[in-house]
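For the record, the sequence lines run as chains A and B. Mapping of the first sequence onto numbering that gives the first Met the number 0: position 59 corresponds to residue 58, and the numbering continues sequentially without gaps. Mapping of the second sequence onto numbering that gives the first Met the number 0: position 69 corresponds to residue 68, and the numbering continues sequentially without gaps.
If you are wondering where the hints come from, they were derived from the structure by calculation, not from laboratory data. You can trust all of the hints, since none of them are fake.
Far from chain A by the CB rule (all over 12 Å, computed), these chain B residues: (1) Trp19; (2) Val22; (3) Tyr35; (4) Pro60; (5) Asp62; (6) Leu157; (7) Glu163; (8) Arg209; (9) Leu216; (10) Val245.
Below 27 Å or equal to it, Euclidean Cα-Cα: the simulated BS3-like pairs (lysine-lysine) are: (11) A:Lys94 <-> A:Lys42; (12) A:Lys87 <-> B:Lys106; (13) A:Lys138 <-> A:Lys94; (14) B:Lys106 <-> A:Lys84; (15) B:Lys156 <-> A:Lys107; (16) A:Lys22 <-> A:Lys87; (17) B:Lys106 <-> B:Lys156; (18) A:Lys35 <-> A:Lys84; (19) A:Lys87 <-> A:Lys42.
A virtual CB, placed ideally from N, CA and C, is assigned to each residue, including glycine.
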Amino acid sequence: MSDDSQQNATPASGQGGAIRFEKANIVYPNGVVGMKDLDLEIKPGEFVVIVGSSGAGKSTLLRAVNGLNQLTSGTISIDGREVPKSGKGLRELRKRVAMIFQDFRLVKRLSVMTNVLVGRLGHVSGLRSMLNWWPQSEKAIAIDALERVGIVEKAWVRASDLSGGQQQRVGIARALAQQPAIILADEPVASLDPVTTHQIMDDLVRINRDLGITTIVNLHFLDLAREYGQRIIGLRFGELVYDGDAKTVTDEDFRNIYGREVTEDDVLDDEVVAEG
Amino acid sequence: MNAAGNTTLPTKPPRNWWLWAIVLGFLTAMTVWSGYGIGFSANELVCNIAGGSRLLEESWPPDFSFLPRLIDPFMETVYIAIVGTVVGGILSIPVAVLAARNLSPDKVTWFLDRNFMNILRTLPDLFWAMLFATAVGFGPVAGALALSVFTVAVISKLWSESLESIDMGLPEAVRSAGGSWLQMIQFSAIPQAMQHYVSYALYAFELNIRASLVLGLVGAGGIGMILETQRANFEYERVTLIILAVLVAVLIIEQISETIRRRLT
Ligand SMILES: Nc1ncnc2c1ncn2[C@@H]1O[C@H](COP(=O)(O)OP(=O)(O)OP(=O)(O)O)[C@@H](O)[C@H]1O
Ligand SMILES: [Mg+2]
Chain A
0 MSDDSQQNAT PASGQGGAIR FEKANIVYPN GVVGMKDLDL EIKPGEFVVI VGSSGAGKST
60 LLRAVNGLNQ LTSGTISIDG REVPKSGKGL RELRKRVAMI FQDFRLVKRL SVMTNVLVGR
120 LGHVSGLRSM LNWWPQSEKA IAIDALERVG IVEKAWVRAS DLSGGQQQRV GIARALAQQP
180 AIILADEPVA SLDPVTTHQI MDDLVRINRD LGITTIVNLH FLDLAREYGQ RIIGLRFGEL
240 VYDGDAKTVT DEDFRNIYGR EVTEDDVLDD EVVAEG
Chain B
0 MNAAGNTTLP TKPPRNWWLW AIVLGFLTAM TVWSGYGIGF SANELVCNIA GGSRLLEESW
60 PPDFSFLPRL IDPFMETVYI AIVGTVVGGI LSIPVAVLAA RNLSPDKVTW FLDRNFMNIL
120 RTLPDLFWAM LFATAVGFGP VAGALALSVF TVAVISKLWS ESLESIDMGL PEAVRSAGGS
180 WLQMIQFSAI PQAMQHYVSY ALYAFELNIR ASLVLGLVGA GGIGMILETQ RANFEYERVT
240 LIILAVLVAV LIIEQISETI RRRLT
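Extracted from the complex, chain A is given alone in its bound form (with noise of 0.2 Å):
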């Protein structure tokens, strides 16, 4: 049942979202190491990119703090409470933390709408959802999640008729309609242009500012990690191999976290960046 009677999306955060591993692995069954003995901590309202080559466990990191991967050992939690590995806690947990997916991952022949309002899935009854009977308070919330993206006009549109760029906003906009304490976006921008890439990572930052919801964002491009983290965290083989600030790191450390030489492959694109 929804007791809550917010008509906006503004979250019951800005409390919470803080974050913290402690000696946490992750050893797939195939005996890959996903993530070997992190020990990261995370505050409500920061903003961090994850850096790291293919394969490094930036996805691995990400999926742990909403329990689609569990841990093998050690602890991950939340606002001082372990991350439960199924059942009704893991269920209470999601809805306090929402992703946003590289391929969008929206219903695409279901409205922008309906998409939104998959956030507010954990919130309604089970009969409300299954006749697709939302109240009022539910749409609105869904509404003020589609203005804070700039794309409410785009409401009853399927979304397989929108471009990838508003597609990314439908899913950005089902992550705000969960009112989450934090947001994981697992390379939200990989699939996008250079412009619509940088529009997407200026709303994320905006977002992250105007609502303080903790965010964690997987990129690839180098430039992308310097312009918009505040705090950047580099993963080799599952392994943090650097924690720094976005302003202060160098050349030589992202060599350090690829362990190779810094090609232009690692820049989306400098002239873009230099109108931007």
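Given chain A, put chain B with the ligands in place with the hints provided.
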């Protein structure tokens, strides 16, 4: 990986002619043996064709004056098929979802449902008609119930395979937004496989029209029953009319259904 691009196609393995010969010989032997088994003889076939031609003469021309009396029974046949398709179509949704390996909540449920589905498929529609006839008596209701079961068998098997091939990224997104299992099914699995569902339901309807005719022959009502009574009374000119009318009607229905199905995909 080979960056230079100098890949060579591996030599094609030689065809195994011996295997082919053995398979072919085996199939021939099976066919001949089975033919003997059912008492098939070319001689008899020729004699029966002669007898059959006499029957054909009696059956011509079709008795068109009988046509108006076919409308009600034909509609009954269609109604039986519709009820069977709708009831079976609804019931097949949970059966298919639980039988999809990627969606089923646990292995035990999956295993039980899968076997349930296979049992439904193994038993023919006539069996179900007899079973329901003993419960509710011969007639359209027993026919519709039998077709409901038949429909569940048809749709759930095909559709559970569609469900198994959906992109699992979306269900994961719904779960990670705090959605329950049921919400995950409703908002991510079913929308992805909806087109297939409608297509299979229409296909089941086509099968049900035909099955409904056959069930009529054994007393489930509708046009099949009229056909059987006219045949028993040696009214062959009416039988011809019924067969022609059914042929045309079924072709029309299948055309419509097929057109819709093709639009969907
Ligand atoms: N489900 C899984 N089963 C087994 N191994 C996995 C699984 N998921 C990831 N891995 C392995 O764990 C390591 C870390 O993977 P992860 O997806 O976290 O990397 P990543 O940094 O996100 O890479 P990318 O930039 O390519 O997305 C890789 O070696 C990967 O092959
Ligand atoms: Mg990844």
